[in-house]
Amino acid sequence: MKKKLIKYTVSVYTENSVGLLNRISAIFQRRHINIESFNSSMTEIENVQRWTILVITSESFINKIVGQINKQIEVIQAYYHTDEETIYQESCLFKIKSSLLFDDRKIQNIIKESNAIIVTVNPEFFVIEKSGRTHELDKLYEKLNKYGILQYVRSARIAVTKAPLMISQILTNFKKK
Amino acid sequence: MSKITGSEAVIKCLLEEQVDIIYGYPGGAIMPVYDELYKYQDKIHHVLTRHEQGATHSAQGFARISGRVGVAIATSGPGATNLVTGLADAQIDSTPMVCITGQVSSHLLGSDAFQETDIIGISTPITKWNYQITKASEIAEIFAKAFYIAKSGRPGPVLIDITKDAQFEKINFSYKKIEGIRSYKPVPKINHNNIKLAAELINNAKKPLIVWGQGVILGNAEKELIKFVEKSGIPAAWTILGASAIPTSHPLNVGMLGMHGNYAPNILTNECDVLIAIGMRFDDRVTGDVNRYAKQAKIIHFEIDPAEVNKNIQVDVAVLGDAKQTINEILKKIDNKSHKKWHEEFKKLYEVEYKKVIHDDLNPKKEGLTMGEVIKEINIQTKGDAAIVSDVGQHQMIACRYSNFNKTKSNITSGGLGTMGFALPAAIGAKMACPEREVVAVIGDGGYQMTIQELGTVFQTKAAVKIVVLNNDFLGMVRQWQQLFFDKRYASTEMVNPDFVKIAEGYYLKAKRVTKREDLANAVEEMIKSDEPYFLEVLVEKEDNVFPMIPTGSSVSEIRLS
Numbered sequence: 027m028k029k030k031l032i033k034y035t036v037s038v039y040t041e042n043s044v045g046l047l048n049r050i051s052a053i054f055q056r057r058h059i060n061i062e063s064f065n066s067s068m069t070e071i072e073n074v075q076r077w078t079i080l081v082i083t084s085e086s087f088i089n090k091i092v093g094q095i096n097k098q099i100e101v102i103q104a105y106y107h108t109d110e111e112t113i114y115q116e117s118c119l120f121k122i123k124s125s126l127l128f129d130d131r132k133i134q135n136i137i138k139e140s141n142a143i144i145v146t147v148n149p150e151f152f153v154i155e156k157s158g159r160t161h162e163l164d165k166l167y168e169k170l171n172k173y174g175i176l177q178y179v180r181s182a183r184i185a186v187t188k189a190p191l192m193i194s195q196i197l198t199n200f201k202k203k
Numbered sequence: 047m048s049k050i051t052g053s054e055a056v057i058k059c060l061l062e063e064q065v066d067i068i069y070g071y072p073g074g075a076i077m078p079v080y081d082e083l084y085k086y087q088d089k090i091h092h093v094l095t096r097h098e099q100g101a102t103h104s105a106q107g108f109a110r111i112s113g114r115v116g117v118a119i120a121t122s123g124p125g126a127t128n129l130v131t132g133l134a135d136a137q138i139d140s141t142p143m144v145c146i147t148g149q150v151s152s153h154l155l156g157s158d159a160f161q162e163t164d165i166i167g168i169s170t171p172i173t174k175w176n177y178q179i180t181k182a183s184e185i186a187e188i189f190a191k192a193f194y195i196a197k198s199g200r201p202g203p204v205l206i207d208i209t210k211d212a213q214f215e216k217i218n219f220s221y222k223k224i225e226g227i228r229s230y231k232p233v234p235k236i237n238h239n240n241i242k243l244a245a246e247l248i249n250n251a252k253k254p255l256i257v258w259g260q261g262v263i264l265g266n267a268e269k270e271l272i273k274f275v276e277k278s279g280i281p282a283a284w285t286i287l288g289a290s291a292i293p294t295s296h297p298l299n300v301g302m303l304g305m306h307g308n309y310a311p312n313i314l315t316n317e318c319d320v321l322i323a324i325g326m327r328f329d330d331r332v333t334g335d336v337n338r339y340a341k342q343a344k345i346i347h348f349e350i351d352p353a354e355v356n357k358n359i360q361v362d363v364a365v366l367g368d369a370k371q372t373i374n375e376i377l378k379k380i381d382n383k384s385h386k387k388w389h390e391e392f393k394k395l396y397e398v399e400y401k402k403v404i405h406d407d408l409n410p411k412k413e414g415l416t417m418g419e420v421i422k423e424i425n426i427q428t429k430g431d432a433a434i435v436s437d438v439g440q441h442q443m444i445a446c447r448y449s450n451f452n453k454t455k456s457n458i459t460s461g462g463l464g465t466m467g468f469a470l471p472a473a474i475g476a477k478m479a480c481p482e483r484e485v486v487a488v489i490g491d492g493g494y495q496m497t498i499q500e501l502g503t504v505f506q507t508k509a510a511v512k513i514v515v516l517n518n519d520f521l522g523m524v525r526q527w528q529q530l531f532f533d534k535r536y537a538s539t540e541m542v543n544p545d546f547v548k549i550a551e552g553y554y555l556k557a558k559r560v561t562k563r564e565d566l567a568n569a570v571e572e573m574i575k576s577d578e579p580y581f582l583e584v585l586v587e588k589e590d591n592v593f594p595m596i597p598t599g600s601s602v603s604e605i606r607l608s
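Note that the protein sequences, when read in sequence, are chains A and B. All letters in the first sequence, in the order written, are residues 27 to 203 by our numbering. All letters in the second sequence, in the order written, are residues 47 to 608 by our numbering.
These are computed hints drawn from the structure, not numbers from a lab. Note that CB positions come from ideal geometry on N, CA and C, so glycine has one too. Careful: at least some of the hints might be erroneous.
Unchecked claim - Derived DSBU-like pairs (lysine-lysine); straight-line CA-CA distance at most 35 Å: (1) B/K357 - A/K201; (2) A/K33 - B/K341; (3) A/K203 - B/K58; (4) B/K58 - B/K222; (5) B/K231 - A/K202; (6) B/K379 - B/K344; (7) A/K90 - B/K191; (8) B/K58 - A/K201; (9) B/K222 - A/K201; (10) B/K379 - A/K203; (11) A/K203 - B/K370; (12) A/K201 - B/K191; (13) A/K29 - B/K344; (14) B/K231 - A/K201; (15) A/K30 - B/K231; (16) A/K90 - B/K344; (17) A/K30 - B/K344; (18) A/K202 - B/K58; (19) B/K269 - A/K90; (20) A/K202 - B/K357; (21) A/K90 - B/K235; (22) A/K201 - B/K216; (23) B/K453 - B/K231; (24) A/K203 - B/K269; (25) A/K202 - B/K379; (26) B/K273 - B/K370; (27) B/K222 - A/K202.
Claimed, not checked - Derived list of chain B stretches under chain A, where covered just means 3 residues or more per stretch with a C-beta under 8 Å from a C-beta of chain A: (28) 162-171; (29) 174-183; (30) 227-234; (31) 351-363.
All chains, please: the whole structure from these sequences, using the hints.
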């Protein structure tokens, strides 16, 4: 029986410590799972980091993996969610030859319709930025790719969950003990 | 307050943690610490093993028999990489151990300096926690954390890497033990509703079976488990790391689980109606094919590590927590029972196994000696009071199957990792932790030669370990598989062995070889009576197989007797 593969957003609240990333990535590597995207950032709590890891795997694997992440000493709490359970964004930058902008009017329309932002324009190239959900970014890429893209880069996913995560409470409970 | 060096701080940390024996091997990047060890040699006994791997296994043996944290120390580079096998072994077998490695000076980190290796990167997946100290001011806090993490919750190995400049640096030292880390939950809270659900299942069960593992020993819950078993009347079987938590002779102890375990508990795993797993992790060597493992049963899992629940086997009720506490809770809620009829089924199957396997293993008629009769003789001479330290392979399975254990923490073996070469150094550590106990290392001729250099450690320390090599001139377990599953193509399993007695004598150890049955009893008696280390080689039948056996991919109920 083949297991159904789904996109999962793993959110890991951690202490800010050297080497922890290696420890967590090893847990994915052991099960031969590729990390689609990874983001590390500050959070609403001082000195607590939040990692957002996007992976494609089965429910049974992600459940066990998050269990194994949770037991690492410097992990405060880890969670996994499906796309429906999160509000997420990714962003990307396109570098495109400026001549295209004037040669073909359609490209201007594409930019307008997609709500992308023009970051900079100079005689050689222009840069546009687009934030949104995965499919929105994919769509814009497809459209612009026809005209030729000089450089394309995309950020990792960042996500907040619809349900509350009680990280502050975990830390307060620890203090009380 | 006068300042001390980082190296002296390391020693003071060890003293604060009541460490009095450490195992290790000196070298460039750890020399400042060794210089302090020289000054503190009346307080900390440093045992010079002959290889760093030996130091880790000795520290493991020390920890396994005593429940204390074992400590190993090595230099950077090859010294550090030689710890890897022991760390991996301690990680998979949940052994509390702290390893200390020297590291090149911090300004050289990452520059491929002499004997620099990224031991933090290398050891990350095989440690419970690790940390690189680059400033002497970190030493006290990191050591306190290391010992706390190694021994709390589900124990495991911790590695501390200390740069050489941090060892020289002078600091004000003060030590404070750690009582908690905000991101670390060593013991989950008990869910009383799950205790209730578990008790209901247990009280309504007609054919319940307890399967316990090392968690019972690590949690000091042996007495509680015996009370539980006796009150509930439930037959109880063990994984090899759980062995000895309940004495072998206990009437409700129904034997060993898994690939070479006993016939009855394996077959009846697939007939019980409630399976109560305590402090065990459903290793594949225990479960056989997971898709055909106890499918008919409701499964209750007593476990300290939430990541183990539903990892290999889906359970119906998870009772998270420390085994001592959770068993005490369940004890209050379960009924007195005897399950007489159910026990009869175990007895019947035991009779079958006895006739087909056990009788001939222990009382062979054929000319060649069996491994089983050697273990039987050790049982007789030690009266079941010895700690048996086994290596990995056929002799290990025979030692686990047939040793009599009266006391807990008596079966010391490499379970999860299956590390050949484990036994000799582990026995040294065990004997030094508990000099009053008889410690018998049972080793095959293959594994023995993987750490045979530790005979030097035995000689130098005079640790009175009894070393029994069961020699069949083969890598016996692999040969057995080649016979059964590879049409007897004995690829690289035959060993041309040296004169083991002469080698032992070269280390000035008392040594003897037994080749005939009539000499066995006297030789084992002489060995056990010796106050000194003793080496005994027994030439056993070359191509004996270990049965019962659950072939890989088979179900526990497909266990073979021949």
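Requested in this report: Would you list, in rising numerical order, the hints stated earlier that this structure does not obey?
Outcome: Checked against the structure, no hint fails, so every one of them is satisfied.
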